[in-house]
Amino acid sequence: MNLTGKKVLLTGGVRGLGRATVEKLVAKGATVCVFDIDTTGLTELAQQVPGVGAIQCDVSSADDVARAMGQYHEQYRCADVLVNNAGILSSAPLVRITPTGIETHDINLWNKTLAINLTSVFLMTSAVVSRMVTTRTRGVIVNISSVSAGGNAGQSAYSAAKAGVNALTATWAKELSLLGIRVIAIAPGFTETESTKQAVSEQVLKETISRVPLRRLGRAEEIAQAVVAAVENDFFNGKTWAVDGGLVI
Amino acid sequence: MNNNKLISLVAEVLKLPPANVTDTLAMGQVESWDSLKHMELVVAIETGYGLELTFDEIVAMKSVGDIRKVLAAHGKA
Ligand SMILES: NC(=O)c1ccc[n+]([C@@H]2O[C@H](COP(=O)([O-])OP(=O)(O)OC[C@H]3O[C@@H](n4cnc5c(N)ncnc54)[C@H](O)[C@@H]3O)[C@@H](O)[C@H]2O)c1
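Line by line, the protein sequences give chains E and W. According to the numbering used here, the first sequence is numbered sequentially starting from 50. According to the numbering used here, the second sequence is numbered sequentially starting from 540.
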């Protein structure tokens with residue numbers, strides 16, 4: 050797909066990998082609109098990257114997605130590309146031994162992590178694909194997964210959510226390819242973003258870097274570059290592309 | 540000629556003997572014609588007849604007879 054003039058809807062584009070991807074897509078000549086929960090961030094984004102649309106939306110809420118998609122379709126008619134990027138990193142083991150006994154993974158954290166990282170992908174994709182089907186648009190769905198989908202100790206909910214994202218990628222590719230809709234995923238390894246620095250201690254980061262064959266963290270623009278390349282390659286479909294410096298080999 | 544073409548196309552996609560493909564054969568009547576197979580049928584018709592169907596036409600194609608009507612509207616019957 051040539052991205053020039055294509056309409057791209059991206060979730061979680063205010064910060065981090067999403068923001069880097071917005072910039073790459075705009076440079077390619079795409080018409081980008083961002084859904085994000087961060088209202089202030091959206092206003093700043095619209096000022097900093099002229100031409101980018103900004104719609105406030107909590108992508109984990111069915112009602113909010115329905116409202117925001119209504120607004121999007123009124124303005125843009127139909128997206129050619131959806132990038133499901135919004136997500137939160139959450140870390141907690143299944144059980145934790147404490148001086149007073151045993152603590153189990155908090156159910157609220159489990160539900161929240163699944164809602165933002167997995168249910169959001171289901172909600173956004175069903176809304177966008179319905180419109181693609183009714184307008185016979187041959188588009189691309191890009192899901193941002195993670196190398197944690199393979200199972201990361203201390204990240205039950207996050208790993209399960211991302212494994213679910215990979216499964217949806219394969220399932221939807223099988224269902225939608227006949228209609229000319231490709232479904233693909235990018236699984237970043239540990240990438241240098243504010244959220245990584247906040248969520249992961251210096252010690253864990255050092256230890257992680259030592260396990261990466263390239264001995265460094267990824268850069269946001271490298272993930273953005275992979276998103277663009279995967280969209281542009283019309284024969285890439287149904288697969289999850291790990292962009293992780295060789296962490297998972 | 541065109542009648543045979545449609546029958547063999549539907550029979551091939553739905554894996555049915557051509558003799559079982561009549562105008563009254565409808566979606567849901569045979570196990571093989573489910574919503575996923577319907578999309579396969581749509582693509583086979585588009586490729587076979589060199590046309591692009593609208594969403595309303597896809598929805599209207601509930602039986603072989605309906606497909607024939609849609610094709611006629613495209614001047615392909
Ligand atoms: N940074 C990494 O190392 C890394 C590694 C692997 C995978 N990922 C994945 O990449 C994606 C982006 O991660 P990031 O590091 O850039 O995160 P980030 O925290 O820097 O940015 C996430 C963006 O999503 C938005 N967001 C959060 N919850 C939302 C909601 N409910 N509705 C709408 N928007 C919401 C935030 O406001 C923010 O703009 C996530 O899916 C994450 O799981 C990141």
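Worth flagging that the hints you see were computed from the coordinates, not collected in a lab. Hints may contain errors.
[Said to hold, decoys possible] In silico BS3-like links for lysine-lysine, alpha-carbon gap of 30 Å or less:
(1) W/Lys576 - W/Lys554
(2) W/Lys554 - E/Lys288
(3) E/Lys288 - E/Lys223
(4) W/Lys608 - W/Lys576
(5) E/Lys161 - E/Lys288
(6) E/Lys73 - E/Lys255
(7) E/Lys288 - W/Lys576
(8) E/Lys246 - E/Lys73
(9) W/Lys601 - E/Lys223
(10) W/Lys544 - W/Lys576
(11) E/Lys223 - W/Lys576
(12) E/Lys55 - E/Lys223
(13) W/Lys544 - E/Lys223
(14) E/Lys77 - E/Lys161
(15) E/Lys73 - W/Lys608
(16) E/Lys223 - E/Lys255
(17) W/Lys601 - W/Lys554
(18) E/Lys161 - E/Lys223
[What the hints assert, rightly or not] Derived CB-CB ranges, DEER-like:
(19) W/Ala612 - E/Ile104: 21 to 29 Å
(20) W/Leu575 - E/Thr147: 29 to 37 Å
(21) E/Thr149 - W/Leu575: 22 to 30 Å
(22) E/Gly229 - W/Ala558: 28 to 36 Å
(23) W/Asn559 - E/Ser226: 37 to 45 Å
(24) E/Asp113 - W/Ala583: 52 to 60 Å
(25) W/Asp605 - E/Val297: 46 to 54 Å
(26) E/Ser226 - W/Asp605: 52 to 60 Å
(27) W/Lys601 - E/Arg116: 55 to 63 Å
(28) E/Ala76 - W/Gly614: 42 to 50 Å
Computed from a predicted model, the values in this text were never measured in an experiment. Note that the Cβ used here is the ideal one computed from N, Cα and C, for glycine as well.
Against the structure, the hints:
no.: 1; hint: W/Lys576 - W/Lys554; result: holds, 10 Å
no.: 2; hint: W/Lys554 - E/Lys288; result: holds, 29 Å
no.: 3; hint: E/Lys288 - E/Lys223; result: holds, 11 Å
no.: 4; hint: W/Lys608 - W/Lys576; result: holds, 20 Å
no.: 5; hint: E/Lys161 - E/Lys288; result: holds, 26 Å
no.: 6; hint: E/Lys73 - E/Lys255; result: holds, 29 Å
no.: 7; hint: E/Lys288 - W/Lys576; result: holds, 23 Å
no.: 8; hint: E/Lys246 - E/Lys73; result: holds, 23 Å
no.: 9; hint: W/Lys601 - E/Lys223; result: holds, 23 Å
no.: 10; hint: W/Lys544 - W/Lys576; result: holds, 18 Å
no.: 11; hint: E/Lys223 - W/Lys576; result: holds, 12 Å
no.: 12; hint: E/Lys55 - E/Lys223; result: holds, 24 Å
no.: 13; hint: W/Lys544 - E/Lys223; result: holds, 27 Å
no.: 14; hint: E/Lys77 - E/Lys161; result: violated, 34 Å
no.: 15; hint: E/Lys73 - W/Lys608; result: violated, 47 Å
no.: 16; hint: E/Lys223 - E/Lys255; result: violated, 39 Å
no.: 17; hint: W/Lys601 - W/Lys554; result: holds, 17 Å
no.: 18; hint: E/Lys161 - E/Lys223; result: holds, 28 Å
no.: 19; hint: W/Ala612 - E/Ile104: 21 to 29 Å; result: violated, 38 Å
no.: 20; hint: W/Leu575 - E/Thr147: 29 to 37 Å; result: violated, 50 Å
no.: 21; hint: E/Thr149 - W/Leu575: 22 to 30 Å; result: violated, 53 Å
no.: 22; hint: E/Gly229 - W/Ala558: 28 to 36 Å; result: holds, 33 Å
no.: 23; hint: W/Asn559 - E/Ser226: 37 to 45 Å; result: violated, 28 Å
no.: 24; hint: E/Asp113 - W/Ala583: 52 to 60 Å; result: violated, 39 Å
no.: 25; hint: W/Asp605 - E/Val297: 46 to 54 Å; result: holds, 50 Å
no.: 26; hint: E/Ser226 - W/Asp605: 52 to 60 Å; result: violated, 25 Å
no.: 27; hint: W/Lys601 - E/Arg116: 55 to 63 Å; result: violated, 33 Å
no.: 28; hint: E/Ala76 - W/Gly614: 42 to 50 Å; result: holds, 45 Å
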